[in-house]
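Visitor: Residue-level listing of the chains:
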Amino acid sequence: MSPAAATDGPLLSVRDLEVRTAAGRTLVHKASFDLKAGEVLGIVGESGSGKTLTARALVQALPEGVVADGDIDFDGTKILQSSARDLRPLRGSRFAMVLQDPFTALNPLQTVHEHIRESLDPKFRAGRVTARAEVERRLAEVGLAKEVADRYPFQLSGGMRQRVVIAAALARDPQLLIADEPTTALDASTQAQVLDLLRTLQRERGMALILITHDLRVAFSVSDSIMVMYSGTVLEHAPASSMSAAPRHPYSLGLLLAEPSVTHYQDTLSFIPGQVPAADTVTSRCAFADRCRWSTPSCTDKAPPLADITRVEDAARHTSACVRIAEIGAQMDDAMRSHAARPGIAPTPTTGAPLLQVTDLGKTYRSNSLLGRRTQTTVLKGVSFTLARGESLGLLGETGSGKTTTARCILGLTAATAGSIELDGVDITDYRRLRGEQRAQVRGKVQVVFQDPYASLNPSLTVGAALSEALSAGAGNERAPSSLEELLGLVGLSSSYAVRKPSALSGGERQRVAIARSLAVGPELLICDEPVAALDVSVQAQVLELLRDIRSRFKTSMLFITHDLSVARQMTDRTLVLRGGEVVEAGPTAQLLDAPEHAYTQSLVAAVSGHAPVTARSDR
Amino acid sequence: MIAVFVLKRIGAGVVLLLVLSFLVFSLLSLSPGTPLQALLGTRTASPELIDSLNVRYHLNDPFVVQYGRWLGDVVRLDLGSSISVQGGTAVGDILGERLALTAELALYALLLVLTVGLPLGMAAGIRRGRRLDRAVSLGATMAISAPAFVMAIVLLYIFGVALKWFPVYGTGTGFTERVSHLTLPAVTLATVLSAVLIRQTRAAMMNVMSQDYVAFARLRGLSPRRILVRYALRNASLPVITSLGLILVSLLSSTLFIEQVFSLPGIGTLLLQAVTNTDVPVVQGTVLILGAAVILINLAVDLLSLVVDPRVRLVAKEGA
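In the order they appear, the protein sequences are chains A and B.
If you're matching positions, the first sequence starts at 1 in our numbering and goes up one per residue.
If you're matching positions, the second sequence starts at 1 in our numbering and goes up one per residue.
Chain A extracted, bound-state conformation (with noise of 0.2 Å):
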């Protein structure tokens, strides 16, 4: 046993670490925490806060051109101190770590069995039996057939390949892993089971664990304590328990607030206005107090120290960088309160004729290679539904289910193998048969927002350059907006906003920016395809709450994708659940979350509420 578990020190010390570019930039600033052997430590934040580079610096790993400075003490090794040459026999036996994207964390060209032995100790190592014998043990453990040790990684799902990521980074037993983001790569079905198995496998070794994630829930559900970060701060550390109960810091709040609920219909979804400054620029100040409501001038004064505020209900010591909890504690506890016993009533919806007619639609693939046989792959098959004026229509489902199939089938941007689409009284199924003037209307009636605002704005336009082109296509239309103002007052945005480049603009104003081009010309059908699946917690719900209002002022009909059952919930009237291509359940969106029918639906909503995390991203 490691000195550190005999004398219940802690097994790793973090003081005052810094992270700046080569440049002097800061990026993490003065990040201190300790953890103990076989203890659980969650670190929350959304992206720019610095979370990744920490849990980097922990183990040296930091990308080139990025220092890292202060005092990481690992069992007695000084990391930052240490060469390279001395920390890589540390590395797989002490510590290890599970990178986000188990799509690209193993070598293409090695099999599951030799990325396991390869990182299994020498005496493992050594002997072709026993090294077969061990692999297929450490498979076990994670779950995995002993088949699969002769797979090529790409022959894997990315659920698999997380298992076999996780199995050759504790393939000589460490003592700390850390994991960053380990299932935002993967579905939501998936996710919940490599949580189980982490945490599993955390309790059965005894292990310490660090999980980096942007996921409060997904942090809930494993750790011990939780370190919430923000623009390279650590504003609190908290039991988990505490954290969930009674966050002793603003920004705690506002992102527990800010997650949609998927229990039950919120009548406005709070959100954090303003966004994540540089960590450069806020190092002798309270990095949130610009978006803090209660926010006074002796929060901008200087830098407030991490203090100690733990009470008699904190399951062990609690911190917050809050100088001014003692006086606005109570008014938090009083905003969580009314925030968990506020159910609200979702809106009946007043739907008019229908709108969009799809008909047994099918899509399937066909590969004709000049020699050899053609192969086929079904992505839809006989999906149908109605979607009446005014109604927000849910698709529901996980990577490869036909949901964004579907939605490119209605937009025209593939043809569709079998069914029929009638938009307005227009069939619309194959696009090309369209007469021109035909398709322009069509056109004009239907319009998408993508999941990514970072690839579906041309970035050599400026906002303004990019709505009035938009705009101009709209001219004639009575829905449409008249002016640029007028469209850029829609989304919340200032016209001052029309001479920006994209670059310039923040994700969540990005989305804006994208959601105003498709209501440029006027649609009577929003076709919103997991539109703010790549967008922060706090910035999710000002696009969600946009999205509303556009909803309720022109009665827009909306097709609603996405892979999250809160958005789901929050956002639509009537969900569909496609499974493998295939509509699997139907049904008003309450009715369907409350009490699921078919069994893949059940497990989806019990994903959900064994506090195991909802949202999967790589889906596009």
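These are calculated hints, taken from the structure and not from any lab test.
Because the structure is a prediction, the values reported are computed rather than measured.
The beta carbon of each residue, even a glycine, is placed where N, CA and C say it ideally should be.
Please note that a few of the clues may not be correct.
Stated by the list, open to error - Facing chain A, a subset of chain B residues (Cβ under 8 Å, in silico):
id	residue
1	Ala215
2	Phe216
3	Arg220
4	Gly221
5	Tyr231
6	Arg234
7	Asp309
8	Pro310
9	Arg311
To be verified - Derived lysine to any residue pairs resembling SDA-like cross-links, with alpha carbons at most 20 Å apart:
id	chain 1	residue 1	chain 2	residue 2
10	A	Lys123	B	Leu222
11	A	Lys445	A	Glu469
12	A	Lys30	A	Arg317
13	B	Lys8	B	Val294
14	A	Lys123	B	Ser223
15	A	Lys445	A	Ser482
16	A	Lys302	A	Ser284
17	A	Lys30	A	Asp301
18	A	Lys123	B	Arg226
Dock chain B against the given chain A, drawing on the hints supplied.
Guide: For chain B alone, coordinates are given in the frame of chain A:
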């Protein structure tokens, strides 16, 4: 299943070769004047000669039948006989003579390209941004932008005329002399091509070194050697193999020109002579041989990537 895949690829190669042979055969009727005139060349048109040519090339038969018969001869390695380059000699014999030299030159150049280009490219890719990388990249840029004919003449002047280290023309007899004669042309050929290979390898290496799997391998504490060989080199070899095919093919086409500059009697000079003298049978033979070489190179590249990449193997197994 792999065998089926390989057979299919070979089959495709044969089909391609047939198409090429048809085009090559059509040269005869496409060349100015009648085919008979083309075959006669500068010889006097005695009735006996005309008769023998008519019989030999079946000039009175329909075009397709002519092609069929010609193809039959080609398959039996009978490419007819030269008209003007080496009047009367069988084309097969001429090709045999010339091919050896071109093959030696190409092999020599390939060896240089591989021993210089691969290590330099790899080193530059791994030590990206450092002094070595900058030096290698600068060198590669210069080599790539220097036209081969200028390079040939500069090298000839410096090492052949001024320093007298290497002979200026001729082929030499015996292994050592042959090597010394072929050095300057091989270096000329290799310069541009190793620059291309350096760039490809460097890019592939840089790409691989920044991959998550390399980071994850380091995080697991694998030995640097294992990471370099099993992770970096193996993965970088995939794009390099593909580009190697292109390099080999362009090696062949540059040979045509380099042989001329260094007065080497290889396939390239032969082709040029044959074209200038409208010696159709020789042109046909040369083009066929070169075409077959290109097809073989591509086949070899396909098979090599089959060996290296399990993903390609799987596609092959499923009968792509």
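Visitor: Just pull the numbers of the violated hints for me, sorted ascending.
Guide: Nothing - there is no hint that the structure violates, so all of them hold.
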